[in-house]
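> Kindly produce the complete structure, drawing on both the sequences and the hints.
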Amino acid sequence: MLFSPSLETKKQFVAWLVKNYSLPRRETLWILNYLLNHDLMLKHVHFVEDALETPRGMVLVSNVPADESFIFCKDGHTYTNPEQAFHDLRLRGQGECYISLGCAEAYRLMLAFGVLEDNPYANKEIEVSREVEDELSNFEVELLALSIERAIDKALETGDKETFYRLSKKLEEL
Numbered sequence: 003m004l005f006s007p008s009l010e011t012k013k014q015f016v017a018w019l020v021k022n023y024s025l026p027r028r029e030t031l032w033i034l035n036y037l038l039n040h041d042l043m044l045k046h047v048h049f050v051e052d053a054l055e056t057p058r059g060m061v062l063v064s065n066v067p068a069d070e071s072f073i074f075c076k077d078g079h080t081y082t083n084p085e086q087a088f089h090d091l092r093l094r095g096q097g098e099c100y101i102s103l104g105c106a107e108a109y110r111l112m113l114a115f116g117v118l119e120d121n122p123y124a125n126k127e128i129e130v131s132r133e134v135e136d137e138l139s140n141f142e143v144e145l146l147a148l149s150i151e152r153a154i155d156k157a158l159e160t161g162d163k164e165t166f167y168r169l170s171k172k173l174e175e176l
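Residue numbers (this note's numbering): 3 to 176.
Treat the hints loosely; a few may be bogus.
Beta-carbon label-pair distances, calculated as ranges [to be verified]:
1. E55 to D136: 22 to 32 Å
2. L173 to E55: 19 to 29 Å
3. E51 to F88: 35 to 45 Å
4. S139 to V20: 46 to 56 Å
5. G97 to V20: 17 to 27 Å
Restricting the straight-line Cα-Cα distance to at most 35 Å, the calculated cross-link-like pairs of lysine-lysine (DSBU-like) are [stated by the list, open to error]:
6. K172 to K76
7. K45 to K76
8. K45 to K13
9. K156 to K172
10. K171 to K156
Honestly, the hints are just simulated from the structure, not real lab data.
Note that CB positions come from ideal geometry on N, CA and C, so glycine has one too.
Below you can see the structure in the form of structure tokens.
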């Protein structure tokens with residue numbers, strides 16, 4: 003679990019975004035500047051992955067056409083107009099808000115600035131591919147075989163024929 007960043011850390015990150023992150027819509031910059039100037043609101047902002055999986059989230063995308071650069075979701079509804087989000091922030095300033103960046107280096111950036119938090123709404127189930135499951139199964143069989151071989155060696159050393167035959171049969175079944 004990631005930690006909760008300080009207000010000052012969030013401010014530094016948002017200031018960096020305003021200065022360096024290429025956002026095609028000026029309204030998105032208004033939102034960031036508004037957050038910079040309202041500490042109480044910024045306290046309730048969380049920088050996460052997959053903000054669209056939250057009840058109230060924004061995704062800021064750089065280097066794309068303006069109409070694709072902003073996504074705001076609220077209670078299952080999706081909007082692409084930053085003014086809608088700006089209005090919502092002003093009305094529900096103390097409600098939790100989650101922000102993601104839509105760029106290849108988003109995770110690295112948020113981690114480097116120390117603002118990345120766990121998304122409590124993200125689906126954390128990991129899909130394990132069939133190939134990985136097969137590898138794990140094979141590894142398990144190999145470990146079991148190794149364990150049986152060691153037990154067979156011990157049975158031979160002690161002259162325990164019954165255990166030797168039983169374990170040999172078990173090893174063949176693998």
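> Are the hints correct? Go through all of them and say.
Tested hints:
1. E55 to D136: 22 to 32 Å: Check passed, 30 Å falls within 22 to 32 Å.
2. L173 to E55: 19 to 29 Å: 48 Å, violated
3. E51 to F88: 35 to 45 Å: Hint violated: Cβ distance 23 Å, outside 35 to 45 Å.
4. S139 to V20: 46 to 56 Å: 51 Å, holds
5. G97 to V20: 17 to 27 Å: Check passed, 22 Å falls within 17 to 27 Å.
6. K172 to K76: Since the Cα atoms of K172 and K76 sit roughly 59 Å apart, the hinted pair is violated (cutoff 35 Å).
7. K45 to K76: Satisfied, since the Cα-Cα distance of roughly 19 Å is no more than 35 Å.
8. K45 to K13: 10 Å, holds
9. K156 to K172: 15 Å, holds
10. K171 to K156: Distance of about 16 Å is within 35 Å: holds.
Going down the numbered hints, you'll see the structure goes against 2, 3 and 6, while the others check out.
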